[in-house]
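Protein chains: 2
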Amino acid sequence: MDIKKLVKKEVSSLRAYNAREIPCRIKLDANESPYGFNRALRVAAGISTNRYPDPEAGELKKVLAKDLGIRQDMLLQGNGSDELIYYLISTFGGPVLYPTPTFSMYGIIAQALGEKKIEIALDSELDLDIGKILPAIKKERPKLIFLSSPNNPTGNCFSTGRILEIIESSRGIVIVDEAYQPFSSEKGFLPLLKDYRNLVIMRTLSKIGLAALRLGYLIAAPEIIAEVNKVRLPFNVNSLSQAIAVSALREKKQLIAHIKAICSERDLLFRDMRKIEGLTLFPTEANFILFKVNDADRVYSALLKKGILVRNLSETVKDCLRVTVGTPAENKAFLKALRQAGI
Amino acid sequence: MDIKKLVKKEVSSLRAYNAREIPCRIKLDANESPYGFNRALRVAAGISTNRYPDPEAGELKKVLAKDLGIRQDMLLQGNGSDELIYYLISTFGGPVLYPTPTFSMYGIIAQALGEKKIEIALDSELDLDIGKILPAIKKERPKLIFLSSPNNPTGNCFSTGRILEIIESSRGIVIVDEAYQPFSSEKGFLPLLKDYRNLVIMRTLSKIGLAALRLGYLIAAPEIIAEVNKVRLPFNVNSLSQAIAVSALREKKQLIAHIKAICSERDLLFRDMRKIEGLTLFPTEANFILFKVNDADRVYSALLKKGILVRNLSETVKDCLRVTVGTPAENKAFLKALRQAGI
Chain B
1 MDIKKLVKKE
11 VSSLRAYNAR
21 EIPCRIKLDA
31 NESPYGFNRA
41 LRVAAGISTN
51 RYPDPEAGEL
61 KKVLAKDLGI
71 RQDMLLQGNG
81 SDELIYYLIS
91 TFGGPVLYPT
101 PTFSMYGIIA
111 QALGEKKIEI
121 ALDSELDLDI
131 GKILPAIKKE
141 RPKLIFLSSP
151 NNPTGNCFST
161 GRILEIIESS
171 RGIVIVDEAY
181 QPFSSEKGFL
191 PLLKDYRNLV
201 IMRTLSKIGL
211 AALRLGYLIA
221 APEIIAEVNK
231 VRLPFNVNSL
241 SQAIAVSALR
251 EKKQLIAHIK
261 AICSERDLLF
271 RDMRKIEGLT
281 LFPTEANFIL
291 FKVNDADRVY
301 SALLKKGILV
311 RNLSETVKDC
321 LRVTVGTPAE
331 NKAFLKALRQ
341 AGI
Chain A
1 MDIKKLVKKE
11 VSSLRAYNAR
21 EIPCRIKLDA
31 NESPYGFNRA
41 LRVAAGISTN
51 RYPDPEAGEL
61 KKVLAKDLGI
71 RQDMLLQGNG
81 SDELIYYLIS
91 TFGGPVLYPT
101 PTFSMYGIIA
111 QALGEKKIEI
121 ALDSELDLDI
131 GKILPAIKKE
141 RPKLIFLSSP
151 NNPTGNCFST
161 GRILEIIESS
171 RGIVIVDEAY
181 QPFSSEKGFL
191 PLLKDYRNLV
201 IMRTLSKIGL
211 AALRLGYLIA
221 APEIIAEVNK
231 VRLPFNVNSL
241 SQAIAVSALR
251 EKKQLIAHIK
261 AICSERDLLF
271 RDMRKIEGLT
281 LFPTEANFIL
291 FKVNDADRVY
301 SALLKKGILV
311 RNLSETVKDC
321 LRVTVGTPAE
331 NKAFLKALRQ
341 AGI
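Chains B and A, in that order, give the protein sequences. Counting from 1, one number per residue, gives the positions in the first sequence under our numbering. Counting from 1, one number per residue, gives the positions in the second sequence under our numbering.
Do not take every clue at face value.
Claimed, not checked - These stretches of chain A come out as covered by chain B in the derived footprint (C-beta under 8 Å, 3 or more residues):
no., region
1, 31-44
2, 51-57
3, 85-92
4, 202-211
5, 218-225
6, 228-236
7, 263-276
Unchecked claim - Taking lysine to any residue pairs in the SDA-like style, the calculated list, with each CA pair at most 25 Å apart, reads:
no., chain 1, residue 1, chain 2, residue 2
8, B, K138, B, S169
9, A, K4, B, M74
10, A, K5, B, Q72
11, B, K138, A, I3
12, A, K4, B, E223
13, B, K253, B, P328
14, A, K62, B, K62
15, B, K66, B, S169
Claimed, not checked - Computed footprint of chain A on chain B, listed as stretches where at least three residues anywhere in the stretch have a Cβ under 8 Å from a Cβ of chain A:
no., region
16, 77-87
17, 170-182
In case anyone wonders, no lab produced these hints; they're calculated from the structure. Source: prediction; values computed, not measured. Yeah, the Cβ is synthetic: ideal placement off N, Cα and C, and Gly gets one too.
Let the hints inform the model, and build the full structure from the sequences given.
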């Protein structure tokens, strides 16, 4: 029996996500927050390990709905945004359209589910290439369009006007992935939700100090949520993640203080990186900075030799590296190592 | 825009899992263990909430592999078995064959993923109806066959000979779901894994005291694991579940003591239920007992009035209820309420 032959064609040609752990002293590769909410872990002690989680995540939805000023039936919880992408594609099918470069999971999951992918390169300003996207929408009628704004790995927000043009032109669902929105000076799309029935907003707690929990959520019209909820596994978010997230979200002040600290550190880091000759910096509204060097592989290795792990994007964006904003001390060490590495 | 029309046909006709919480004093409806491992929660305090989980679940696999006497590359971790069913069907596609009645998620997930379902009723002894399954395999060539043994909700193990006949006749993958195997007097299929390349064993920690964590795993040949791993979301099992599971699994003695206690309580409960006139009992190798009464809806309500929640299966198995084995005190209260309810 040849197992390979039994596997769906689209899956067989996928490569498993490379998640090899690279030993390092300072980890600035995964857009994690440098600040945890470890106080929130206290509530773990009160969990009954033998009982299934609340399948509706009622308490979590209550806290989120109140915070966002929306109805609870406009929310859907996921085991990270990744799982919500899976559910959206399961619910609506393809084609799935997204710009490139962007968050890799849109394409990986579309392929895992055997759906057609339509990839459209960003324009030279790293904004949405509306001149190519609108005709593609007309011709291919994508069921789903994923727009990460601020975009990973470029860091910029797409222009609101272009996103709205896409939403208005599409007969499918448009998901604005706001994973990095908390770090942005822009307001995000929540206020526009009432005007567009095909708009879905995706958010996550992973970038704001709670990556360990795996908690993402969708915000959309109740009729969209109800459909996606049909393919949701009943107990997809476990008891610990629910309880700890609720506890952390109740410490809103702390949460905002961390975000503010990261943003001001980002601005300082950006300013200092700009002084390094030969380095091209891309404007950022996220908790990371994309930058271009002469030889990304060489600089990546030089940084790693000093114990500093960044993301090498050279396969996706020529000669680019991505550094996550860390603590002041971490950023200082990164800057020092970068200067020593030479560009 | 009509959202309903955008949704995949198969999904649109699905109903969301009814997970309404029913208030009760004694919860015997969900095949949970009455005994938790709350001591294992201590390790939660050591988690860094801001860091992503280990995508490979290395420590967990190490502990499981050692315990099972297998190689680590024969294991795949899931956010509960539910997620592993999703992954298996994503990887291999359909048709998906399973007997009925059985665990409902095989059919729900196959439908969510738009794959053909082949349902074959159990025979009058609640065993696999080999006379119908073998011709169906020949005709329909299912890519996946799910066999829950011990079976939920019937409680019995299917005959090993019949399962082997199915494995030998199938050119697809056969998954033996051993969620309830720890409570069975039979050995399970692990020793047979080396003889059958298309055999996959699925297990879970949910029935043995850790339902809150959502942790299931597959055991299979490395070449099967490698393919399914391609559709696995990189961070599907969160940091807390990994750490707490490792901690609990290291307390093997405690784990086994709980299982033994549940099995002997089950045998006592079975013996006592047998004395109740008019009640039909089905033999069980699991942590629950299926029983038939004259009017399941009435008995269900009568029990609930006393604060005791069991599972009403009357929609699936005519006039049957399913009771999970609880603590001695819970079982006593259940028996008393059942006697008072009358059959």
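So, going through the hints one by one against the coordinates:
1. 31-44: holds (count 11)
2. 51-57: holds (count 6)
3. 85-92: holds (count 4)
4. 202-211: holds (count 4)
5. 218-225: holds (count 3)
6. 228-236: Result for this restraint: holds, n = 8.
7. 263-276: With 0 residues close enough to chain B, the hint is violated.
8. K138/B to S169/B: 8 Å, holds
9. K4/A to M74/B: 16 Å, holds
10. K5/A to Q72/B: 24 Å, holds
11. K138/B to I3/A: Since the Cα atoms of K138/B and I3/A sit roughly 19 Å apart, the hinted pair holds (cutoff 25 Å).
12. K4/A to E223/B: Holds, because 8 Å separates the two Cα atoms, which is no more than 25 Å.
13. K253/B to P328/B: 20 Å, holds
14. K62/A to K62/B: Since the Cα atoms of K62/A and K62/B sit roughly 38 Å apart, the hinted pair is violated (cutoff 25 Å).
15. K66/B to S169/B: 32 Å, violated
16. 77-87: Coverage by chain A holds here, the residue count being 5 at a Cβ distance below 8 Å.
17. 170-182: Held - the region 170-182 of chain B has 3 residues with a Cβ nearer than 8 Å to chain A, which meets the minimum of three.
Checked against the numbered hints given earlier, this structure breaks hints 7, 14, 15; the rest are met.
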